[in-house]
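S.K.: Protein chains in written order, with the numbering used here: chain F, 1 to 140; chain H, 1 to 661.
Think of the hints as simulated: they come from the structure by calculation, not from any bench.
Warning: the hint list may mix true and false statements.
[Unchecked claim] DSSO-like, lysine-lysine: derived pairs with alpha carbons at most 30 Å apart:
1. H:Lys301 x H:Lys238
2. H:Lys260 x H:Lys246
3. F:Lys59 x H:Lys644
4. H:Lys113 x F:Lys59
5. H:Lys642 x F:Lys92
6. F:Lys91 x H:Lys113
The structure displayed is predicted, hence computed values, not measured ones.
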Amino acid sequence: MSDGEFQPKIVAFVCNWCTYIAADAAGVARARYSPNVRLVRTMCSGRVDPQFVLASFEKGADAVLLCGCHPRDCHYTAGNYKALRRFVLLKKMLAQMGLEDGRVRLEWISASEAEKFRRVVEEMTQDVRRLGPYKENGGK
Amino acid sequence: MSDEEPRIGVYVCDCGFNIAGVVNVPELIEYARGLRNVVVAREYKYMCSSPGQETIQKDIQERKLNRVVVASCSPHLHEATFRRAVEGAGANPFLVHMVNIREQVAWVTANRKDATEKAKALVAAGVARVARHAPLERREVPVRSEVLVLGGGIAGIQAALTAADSGRRVYLVEREPSIGGHMAKFDKTFPTLDCAACILTPKMTGVKNHPNITVLSYSEVARVDGYVGNFRVTVRRKPRYVDEQKCVGCFECIEKCVYKDARFPSEFELGLGKRKPIYIPFPQAVPLVAVIDPETCIEFKTHNCRKTCVDACGDRDAIDFGQMEQTVELEVGTIIVATGFQVFDARRMTNYGYGNHPGVYTALEVERLAASNGPTGGEIVLRDGRRPTSVGIVHCVGSRDHAYNAYCSKVCCMYSLKLAHLIKERTDADVWNFYIDMRTPGKGYEEFYQRLLAENVHFVRGKVAEVTDLAQSKAEEGKLVITVEDTLLGAVRRVPVDMVILSVALEPRPDREEVRRLLNLSCSMEGFFLERHPKLAPVSTMNDGMFIAGACQGPKDIPETVAQAEAAAAEAVALTSRGFLTLEPNLAYIEEPLCSGCQVCIPLCPYTAIELDREKMVARISDVLCKGCGVCVAACPSGAAKQKMFEDEQLMDELAGVLSA
Chain F
1 MSDGEFQPKI VAFVCNWCTY IAADAAGVAR ARYSPNVRLV RTMCSGRVDP
51 QFVLASFEKG ADAVLLCGCH PRDCHYTAGN YKALRRFVLL KKMLAQMGLE
101 DGRVRLEWIS ASEAEKFRRV VEEMTQDVRR LGPYKENGGK
Chain H
1 MSDEEPRIGV YVCDCGFNIA GVVNVPELIE YARGLRNVVV AREYKYMCSS
51 PGQETIQKDI QERKLNRVVV ASCSPHLHEA TFRRAVEGAG ANPFLVHMVN
101 IREQVAWVTA NRKDATEKAK ALVAAGVARV ARHAPLERRE VPVRSEVLVL
151 GGGIAGIQAA LTAADSGRRV YLVEREPSIG GHMAKFDKTF PTLDCAACIL
201 TPKMTGVKNH PNITVLSYSE VARVDGYVGN FRVTVRRKPR YVDEQKCVGC
251 FECIEKCVYK DARFPSEFEL GLGKRKPIYI PFPQAVPLVA VIDPETCIEF
301 KTHNCRKTCV DACGDRDAID FGQMEQTVEL EVGTIIVATG FQVFDARRMT
351 NYGYGNHPGV YTALEVERLA ASNGPTGGEI VLRDGRRPTS VGIVHCVGSR
401 DHAYNAYCSK VCCMYSLKLA HLIKERTDAD VWNFYIDMRT PGKGYEEFYQ
451 RLLAENVHFV RGKVAEVTDL AQSKAEEGKL VITVEDTLLG AVRRVPVDMV
501 ILSVALEPRP DREEVRRLLN LSCSMEGFFL ERHPKLAPVS TMNDGMFIAG
551 ACQGPKDIPE TVAQAEAAAA EAVALTSRGF LTLEPNLAYI EEPLCSGCQV
601 CIPLCPYTAI ELDREKMVAR ISDVLCKGCG VCVAACPSGA AKQKMFEDEQ
651 LMDELAGVLS A
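Take the sequences, apply the hints, and build the full model.
M.R.: Structure, rendered in structure tokens:
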């Protein structure tokens, strides 16, 4: 991460059973990734209230990543489907509010997908870097 | 210690050089001291060690701390450790919060400045969050003592015996008609060369005779409900068309079958031997009960068989063509998964000619040829009955190959050496081993390799390129030619042999995805079931009450499998031995005055834990049924549904924290 470059702040909501473990596994594998993504753990992606996403932007996030278990893999049967339903709706609403595509992203990352976790974090950091800071961009 | 003003202690672990080598810990400590409500912030080399824990305990008592943040490794590793430490100082264990600055920061961040800044943000989030923590009580739930073991190979057998010996009732579910698994197919075991049957069959008999073990063979688990200590399991019992209670295993029905000769490929013999439509997989089978294959039985195909088997069975009256699939419901406290492995399908490597050249075998097939109870009575002969005069053993088939499996299957070097020895002993053939590296770690393993070197077995270091029957010289005619670069000689060699043995990889079973979903387990990238922690919890899984043992967790040999099976059984017994369990208090609850009775939450709950209290017109969540996912909490339009340990305020403050630095 070179000085002077825009350093986006990205909040990632990750579920306890899949993506949090993938992040741990990325650590164990000593995978290098940008420090811009900060994790907030919930037990299930279904716990993520859309308000948390809105609050993230309000509190200074440039982007929000929501991660859960793959379809059919939810530790709680179907919490990830509920997260998906809310996400689709939320994304529509955010777009109407002027939020650019790429500032919110939903990814299914299983416990074994440390490499995918790293890749998603890197991609998102690059994407948001291109978009620039959220507030200055007229989103709010 | 909660209602009063938060007094927070922050403890940053160096984790040796793991964290301190990357994160500027003194700077982080200084930063933490400036955070709201932080009374003390300290650094220590190993926070999880006794002196580290005692530091926290001392501060709780002397500095009157009422909240603790530990910035160290993943909570999945040491959350329990620090909760115990805090509890030991007389405080509520849920007033501690762990911040993961090892896996999420030190191990993944390239530069020190970035790492330190990210660590600051996470610590700020932890401090903000923990200030909102409230003391919580763990739930106690009664647990059942019964153990379900999935898979009747050596892992499942050993786990069942160990748990049963401790006095537990054990259900052993096996998909095949007999328990025994892969080990039952082996001739001898390395490096001691004791006969596999002599060490396995007494254990199989032990399972059969154990008063505490119920074997459900030819059965599969169809459904698992419930939670740790209280699982409800549905087992599907496939019809054998022979009554297990009535059959005495006399083999008379098989002898008298209208098919005079066995003519159908035997599954147990991997197609090298034949069986009849009514058969017992092998003479030492447990249970020793015949099974009818409806695909080949004339009665099933034409309904017009003379049914000589029924006549042979006579008064025992065990044969039942009308038998239906049965469903059995079991209630167990713990589940041990020991579903084993499959061998690599050698047809995938077309350059080795398996399935094309009859002289190419997999190692498992040669185990059957070498076995005294096998199709050739232990004589190592080719399919046409000839004795091979030269045999080539190709190592690493499907292992250590990025086109197939990158991992080392761990046992192939040793079983290849064993087969080389057995072939040498019984045929006096020229035996060649083609290896990439010889890997023989284990008690007596390297010594076994040395012994083979002295037995005039040839060793060629190099990965085999091809097996072909295209002769280039007189000596190669009628032979299979192994082409290999001998990396020690620095030359390409062509070695003509009669028999090629492919030392195939151990792979996850093809149905691991279904099993994984059935049990809510995770798999590693290769598809083996994932342990809770590779070192500290090697037989536990992320799903409480479920344990893994044997090759379903990764390739391993018999001693290691047996050790894991015993460990899994001990864990299962220990977990349920007090008769009750304490569960995390992260449950959802309803703050009644806020609830409007809209019932949005009710259909969302995957556990039907939410009911409408019709008198008060508010939702009510059952503590017993709720598993704490929080789906209802996120959905509640009036903020009445809440979740302990994941309260909105806690998450909002954590959110502000991670964005603060």
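S.K.: Below or equal to 30 Å on CA atoms is what counts here, so check H:Lys642 against F:Lys92.
M.R.: At roughly 27 Å apart (the allowed maximum being 30 Å), F:Lys92 and H:Lys642 satisfy the hint.
S.K.: Check the hint pairing H:Lys301 with H:Lys238 against an upper bound of 30 Å on the C-alpha distance.
M.R.: Between H:Lys301 and H:Lys238 the Cα gap is close to 18 Å, so the pair holds against 30 Å.
S.K.: Has the given pair, H:Lys260 with H:Lys246, been kept, meaning a C-alpha gap of at most 30 Å?
M.R.: holds (24 Å)
S.K.: Given the hint that F:Lys91 pairs with H:Lys113, test it: the Cα-Cα distance must not exceed 30 Å.
M.R.: Violated. F:Lys91 to H:Lys113 sits at ~34 Å, over the 30 Å cutoff.
S.K.: Within a Cα-Cα threshold of 30 Å, do F:Lys59 and H:Lys644 meet the stated pairing?
M.R.: Roughly 24 Å separates the two Cα atoms, so the pair holds.
S.K.: Taking only the CA atoms, is the gap from H:Lys113 to F:Lys59 under or equal to 30 Å?
M.R.: Status holds; Cα separation ~23 Å.
The structure fails hint 6 only (numbered hints given earlier).
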